[in-house]
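Trainee: Given next are the chains, with one letter for each unit.
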Amino acid sequence: MHRTARQVKVIQPPSLSLRDLQQGMVRLREYGDLLWTLSAHRINVRYKQSLLGLAWAVLQPLSLMLIYTLVFSVIARVPSGAIPYPVFAYAALLPWTFFSTALTNATNGLVSHAHLVTKVYFPREILPLSYVIAALFDLLVASTVMAGLMVYYHVAITTQVFWLVPIVVVLAAFVTAISLVFSATQVRFRDIGMAMPLLMQLWMYASPVVYPLDKVPARFRTFYELNPMVGIIESFRRVSVLGTAPDMRLLGVAAVVSIGLLPLAYAYFKRVEATVADVI
Amino acid sequence: MSAPPKEIDLSFEHVSKRYVVRRERPSNGTRSLLGRLRALRLPVEDFWAVRDVSFAVERGEVLGIIGHNGAGKSTILKLLSSITSPTTGRIRINGRLSALIEVGSGFHPELTGRENIFLNGAILGMRREEIAAKLDSIADFAGIRPFLDVPVKRFSSGMYVRLGFAIAAHLDPDILLLDEVLAVGDAAFQEKCLRRIGELREAGKTIVFISHDLAAVERICSRVILMRQGQIALSGTPAEVIAEYQRLPAIAHHNILETAVADSSAEIESLQLCDLEGQLTPPVRTGSPLALRIAYVVRRPLADVVFEVLFTNAEQQVVAQWTTEVSGQAIALQPGEGVLEFQCAELGLIPGMYYASVAIRERGAPDALDWQHGALALRVDPGKTVQGSFYMGHQWTLLAQAHAVGG
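Protein chains in written order, with this note's numbering: chain G, 1 to 280; chain Y, 1 to 407.
Next comes chain G alone, as it looks inside the complex (with noise of 0.2 Å):
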């Protein structure tokens, strides 16, 4: 096998330079295929000794919506406006589980993969990301059943839908970043990854899945809506069963934080990488 010329690689101490950065983000595309086979095979373990293999992307949404369709609209009467409440929430339910087992899943990437770390080099952010990826690829396959769902509860589908697309690279960008940021901190304070669970029921809450949003009190909304999933969870809904464009300023909200918050989140991540060897 022939390589053309040799790479010349320079080793200095961390530094937050845009060259740093540049060089982080060439690197991590010579790695690209290290960043596919270990997404395609997170994908593949998590279904090979599971009895229901692919079936498990769907079932947590769905018995999620189911409880909560119990729980929110037969009990508590939770109003879902001119859908019935377990499309409602089932729309919601696939970004929400998305990002919470993302999100989950990678904050461990570093701590987990420590026998790794410290005994060869590849970009780190490669196992968040590919957490991240299979979180993705299960997005997909639960998205079928909400096709299903709609059919059957006769909910219309629109063209409005193709918004989904920039909705979901929204998403991505934002569980991306925050990923990133948690990997890197779980490595010192495994805190976060303690404090998981309860921060991801807080932020559920927080987000319009299992109430409509103009629900939320109009005091409470300017700080309500500093949160990102607001406008991604909202927009995702509304484009997708019920018909109507995304909400526009709060989708806006969402892409500027989660594109702007990417690249911070990425110095942050680079510059513990120098040391996360020391430290794992």
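Do not take every clue at face value.
When the alpha-carbon atoms are kept at most 27 Å apart in a straight line, the in silico DSS-like pairs for lysine-lysine are as follows [as the list claims (entries may be wrong)]: (1) Y:K6 - G:K119; (2) G:K119 - G:K215; (3) Y:K153 - Y:K192; (4) G:K48 - Y:K153; (5) G:K119 - Y:K192; (6) Y:K153 - G:K9.
None of these hints come from the bench; they were simulated from the model.
Keeping the supplied structure of chain G fixed, place chain Y upon it in accordance with the hints.
Mentor: Just chain Y now, kept in the frame of chain G:
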């Protein structure tokens, strides 16, 4: 015109690596939240694992790096392979660098041998098509061809290790990092690994070999660097550097990264090999006399102390022990410095590499006051060569002889 200068494949320019250590007070583990938060602001201690190290390796050179435990060898290895980054200085690597390390720990038990080869190859930086092209060769090298599609959790531990190496051995680097690899696997597999390293050397690859195994270093290296307390003590031909290494006393290193040394009432300061007359650089041979001096410092009166030296082989098995315990005589020590010498009239170890670990403890106490694990690397050369697994000192006397009595 003079000959073009040789290309430099790898260089360290004033590289230092500092570890920051928080000195924790010994506690029973139930510290309050306040205590923990306060600990974050505890004064930190600096530990320079590597300090202002500069060297360059030319293309095709085989550089050996030797030194006692804690001298900075493994930090250099980690810096070279980008696992950690330097605190100051600059490392320049010209080309693709791979470490021949055992990556079996990266295997996923549920995945098949084939899937793991792809996964681990990718972790080591190989591209998919490159792995696909080498798949058969890797499986043959590891001797697991019939088990390619079996989950590796069904593999024997030997298969595991061999597969890990086989993948690393199929990297196609410009610069190869070797780290004590030869101590793994059975003899036939070791031979395979050695042959592979030989091939890479013949192909003009640049190799950095970090090892305790002086015999292997002497055999394959063209130049050797001796590390001592994070700095380069000597650089030169294998013969002269190894000779200097064996003359040096091993400075005990108190690994402040592990706060295991809870009791500092006695500490081992250094270890020094000598012969029974106190001459340094003794020949270390089977059946020859050998002495080991342990310099220590004691901080409180100790009524009954035991000194121990454990000899382990490359496989980490204890093969012999020297201990003052069996002599039955109590050693009482007063605060201050001192030296204890163990003497052995005839060394029983057969030729090979050994590591000596030294401990000071109070008689009957479960934990050592100080414990230097693998502090001294010992290469035993052939002397009174015998068959068997150790030399047993013996004398003989001719008791009777049939006289050649004539007719």
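Trainee: Within a Cα-Cα threshold of 27 Å, do K48 of chain G and K153 of chain Y meet the stated pairing?
Mentor: Distance ~13 Å between K48 of chain G and K153 of chain Y Cα, so the pair holds.
Trainee: Is K153 of chain Y within 27 Å of K192 of chain Y, Cα to Cα?
Mentor: holds, 25 Å
Trainee: Straight-line Cα separation of K6 of chain Y and K119 of chain G no greater than 27 Å?
Mentor: violated, 31 Å
Trainee: Between K119 of chain G and K215 of chain G, does the CA-CA distance stay at or below 27 Å?
Mentor: Violated, because 52 Å separates the two Cα atoms, which is more than 27 Å.
Trainee: Would you check the hint for K153 of chain Y and K9 of chain G, treating anything up to 27 Å between C-alpha atoms as holding?
Mentor: violated, 37 Å
Trainee: Tell me if the straight-line CA distance from K119 of chain G to K192 of chain Y falls inside 27 Å.
Mentor: Cα-Cα ~23 Å, so holds.
The structure shown violates the earlier hints numbered 1, 2 and 6.
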